[in-house]
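K.L.:
With our numbering, letter number 30 in the sequence shown gets 30, and the count goes up by one each step, no holes.
Since the hints were made in silico from the structure, they are not lab data.
Check the hints yourself; a few may be wrong.
To be verified - SDA-like, lysine to any residue: derived pairs with alpha carbons at most 25 Å apart:
#, residue 1, residue 2
1, LYS35, ALA15
2, LYS35, GLU48
3, LYS35, PRO49
What the hints assert, rightly or not - Derived CB-CB ranges, DEER-like:
#, residue 1, residue 2, range
4, ASN17, ARG46, 19 to 25 Å
5, LYS61, TYR20, 19 to 25 Å
6, ARG64, TYR20, 15 to 21 Å
What you are looking at is a predicted structure, and each value in this text was computed from that prediction instead of being measured.
All C-beta atoms, glycine included, are put in the ideal place defined by N, C-alpha and C.
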Amino acid sequence: MPVTDAPLPFADLQAANQIYVDQFGLDGLHATAAKGLAIVTCMDSRIEPLGLFGLAPGDAKILRNAG
């Protein structure tokens, strides 16, 4: 069987992650939630908890539950 230059597994995801890292602009966030809030929500990716409550990144800790 000939050797081919098959793409590495997840190479597209790794490349996309590198772009995200290079453009990340929230590195000044602190370990604690700025507004002292925790939001428990489902892990449905259509749910955007910060937007639902008019919050910004860093205002609350988001806990996503599978089920």
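K.L.:
Broken hints, numbered, in rising order?
P.N.:
Hint 1 alone not satisfied by this model.
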